[in-house]
Amino acid sequence: MLHALSLWLICFGLWLLLSGFFDNSLLLSFGALSCALVVFVAWRVETIDPEEQPLRPRLGPQLLWYWPWLLWQVVLANVDVVKRILDPKLPIAPMLITLKPSQRSDLGRVIYANSITLTPGTVTTSLSGDSLEVHALTREGADDLLAGDMDRRVAGLERGTP
Amino acid sequence: MFAATACGILACMVLAMARALMGPTVYDRIMAVNAFGTKTVLIIAVLGFMSGRPDFMDIALVYALINFIGTIAVLKFIRYGDMGWPRNVPDEPDDL
Amino acid sequence: MAGLIDGLSWLALLGGVFFVIVGGVGLLRLPDFYTRLHAAGITDTMGAGLILLGLMLQGGWTLVSAKLLLILLFLWFTSPTATHALVKAALSDPQNPRPLLHEDAPPSKS
Numbered sequence: 013m014l015h016a017l018s019l020w021l022i023c024f025g026l027w028l029l030l031s032g033f034f035d036n037s038l039l040l041s042f043g044a045l046s047c048a049l050v051v052f053v054a055w056r057v058e059t060i061d062p063e064e065q066p067l068r069p070r071l072g073p074q075l076l077w078y079w080p081w082l083l084w085q086v087v088l089a090n091v092d093v094v095k096r097i098l099d100p101k102l103p104i105a106p107m108l109i110t111l112k113p114s115q116r117s118d119l120g121r122v123i124y125a126n127s128i129t130l131t132p133g134t135v136t137t138s139l140s141g142d143s144l145e146v147h148a149l150t151r152e153g154a155d156d157l158l159a160g161d162m163d164r165r166v167a168g169l170e171r172g173t174p
Numbered sequence: 229m230f231a232a233t234a235c236g237i238l239a240c241m242v243l244a245m246a247r248a249l250m251g252p253t254v255y256d257r258i259m260a261v262n263a264f265g266t267k268t269v270l271i272i273a274v275l276g277f278m279s280g281r282p283d284f285m286d287i288a289l290v291y292a293l294i295n296f297i298g299t300i301a302v303l304k305f306i307r308y309g310d311m312g313w314p315r316n317v318p319d320e321p322d323d324l
Numbered sequence: 127m128a129g130l131i132d133g134l135s136w137l138a139l140l141g142g143v144f145f146v147i148v149g150g151v152g153l154l155r156l157p158d159f160y161t162r163l164h165a166a167g168i169t170d171t172m173g174a175g176l177i178l179l180g181l182m183l184q185g186g187w188t189l190v191s192a193k194l195l196l197i198l199l200f201l202w203f204t205s206p207t208a209t210h211a212l213v214k215a216a217l218s219d220p221q222n223p224r225p226l227l228h229e230d231a232p233p234s235k236s
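The listed protein sequences correspond, in order, to chains R, A and Y. The numbering of the first sequence is our numbering, which starts it at 13 and goes up by one. The numbering of the second sequence is our numbering, which starts it at 229 and goes up by one. The numbering of the third sequence is our numbering, which starts it at 127 and goes up by one.
Bear in mind the hints are in silico, worked out from the structure with no lab data behind them. Small disclaimer: the values here were computed from a predicted structure and weren't measured. Idealized CB from N, CA, C, for every residue including glycine. There could be a bad hint or two in this list.
Chain R is faced by these chain Y residues, among others (derived, beta-carbon under 8 Å) [stated by the list, open to error]:
id, residue
1, L130
2, G167
3, L183
4, T209
5, K214
6, P225
7, L226
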């Protein structure tokens, strides 16, 4: 029930943001009704997610530390890959490496895998059990991942310490 | 200036389209179409500012979502040959 | 102040177009499917990010900017997922060529 309520709240917040109507009560009630319909359909097809709920966030303010760091990493990786693409000699060395993520929960592993993929130059190719296969465009990118800085940060994010 | 941005994005759309037409494997084509969709989102947003119609942002937002769902749907179709639940394969929880 | 924000916005738009075009060039230039994914990643992260940032600076503190931010968040959440789905499907397809690999891969951590 709490899950359905939080889904409704999120839907209604999104509706408010997208519609831009804040003072027309007829339209507001239509919006609320359509959000309730969405929640009903989600309940009927059993996709109200029991795992993670925005009302009780497991990842708290640490995300605010993690995101700027990730953004900076993405910028650095972008500049590196752009240099390599524009270089006439095309200095790439694609390789597949295997990592052992140290996160315990599925959520932590998925955040780690998605962070790797979001950084250009490295793409997660498979995530199963407790190993993670990564296709890296360059030796340097692979070495960075093997050094495990991002892994430690995501694990810290999961534990709740920056 | 918005026009210059739009021209740049259009030029890149041509490059993505070339990859979609050339692409040796089907996955190259899907990736190129996905990249093309991302650029479509960007160009819709830029065009909205260029013609002074901020309503275009809603279209861009919807296009971003449709692009993602479309990519996943095409991949699922290629993998299983069916858009419904894959009944002919054992459960692979971490699949797609 | 307004001139400064305008200048920053043009700079972001130009930078975004540069990254988008480099991503497109990489899409054509890199040798195989798995390496081309990285080029597509450039367009999805920096290209889209800078262009939408430039538009947000033009929009100011309005609902339009909020929608642009929402587009950016959706793009950044969905594009890694789509890329991962693509590469996983490509690797599990037996007819698809294996990735070209460089010889001296570093030893995997066990």
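Taking the numbered hints from earlier one at a time, note which ones the structure violates and give those numbers from smallest to largest. Checked against the structure, the hints that fail are numbers 1 and 3, while the rest are satisfied.
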